[in-house]
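Chains as they are written, first to last, in my numbering: chain W, 91 to 201; chain S, 9 to 119.
Keep in mind the hints are simulated off the structure, nothing from the lab.
Please note that the accuracy of each hint is not assured.
Below, computed lysine-lysine pairings styled on DSSO-like, alpha-carbon distance capped at 27 Å [claimed, not checked]:
id: 1; chain 1: S; residue 1: K22; chain 2: W; residue 2: K132
id: 2; chain 1: S; residue 1: K79; chain 2: W; residue 2: K132
id: 3; chain 1: W; residue 1: K146; chain 2: W; residue 2: K188
id: 4; chain 1: S; residue 1: K22; chain 2: S; residue 2: K79
id: 5; chain 1: W; residue 1: K158; chain 2: W; residue 2: K146
id: 6; chain 1: S; residue 1: K79; chain 2: S; residue 2: K17
id: 7; chain 1: W; residue 1: K188; chain 2: S; residue 2: K79
id: 8; chain 1: S; residue 1: K79; chain 2: W; residue 2: K146
id: 9; chain 1: W; residue 1: K132; chain 2: S; residue 2: K65
id: 10; chain 1: S; residue 1: K65; chain 2: W; residue 2: K188
id: 11; chain 1: S; residue 1: K22; chain 2: S; residue 2: K65
id: 12; chain 1: W; residue 1: K188; chain 2: W; residue 2: K132
id: 13; chain 1: W; residue 1: K146; chain 2: W; residue 2: K161
id: 14; chain 1: W; residue 1: K188; chain 2: S; residue 2: K17
id: 15; chain 1: W; residue 1: K200; chain 2: W; residue 2: K132
id: 16; chain 1: W; residue 1: K188; chain 2: W; residue 2: K158
id: 17; chain 1: W; residue 1: K161; chain 2: W; residue 2: K188
id: 18; chain 1: S; residue 1: K65; chain 2: S; residue 2: K79
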Amino acid sequence: GESVGLHLPTLSVQEGDNSIINCAYSNSASDYFIWYKQESGKGPQFIIDIRSNMDKRQGQRVTVLLNKTVKHLSLQIAATQPGDSAVYFCADYTGGFKTIFGAGTRLFVKA
Amino acid sequence: NAGVTQTPKFQVLKTGQSMTLQCAQDMNHNSMYWYRQDPGMGLRLIYYSASEGTTDKGEVPNGYNVSRLNKREFSLRLESAAPSQTSVYFCASSTHQETQYFGPGTRLLVL
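Please model the complete structure; the sequences and the hints are all you need to start from.
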């Protein structure tokens, strides 16, 4: 079946460094991907999205890269701050009302 | 705007008890969703409502019922709670099907 997975369950970075969180998906027909941030005790929060006709999209301090050839996307956070500590997960909108969510990578930011 | 609100925040039930989780959104979104989040797993869709007056099963509907009371409100009912339903429940809403906005969650423990 379809799946969305993340390469690492946890990632620890030094404050000020760049963070890269990776995600793999299985459905080659997927058209739209979303990254969410979930802080402890809170609901997921939309960060950035990308459509399959794009390779890269930039937001404020975040960049998402999409490699359709290997069905991989990544979230890059520039100059990581303590407030970036959270679980990040990718989501694959497959059509209709179906979105497949990855399990998430927990990002720890060391001061 | 409050966005998506959920009540209660926490609940402890005994096996066999019933309860209703409430969700409301003030963003005038057409679609609403109920998910459960379990450790090590991505969000799984329980039920969704594409628009007022309609509801449909998601990936894991067994043991649950829903009501789309009006455009703002979408409730989730557990008729006879089981320990397997211990989870964190998130309500979400969307205008377009792709990007969903989540509530803060309800943490449910079934003993």
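Which hints, by number, does the structure contradict? 4, 8
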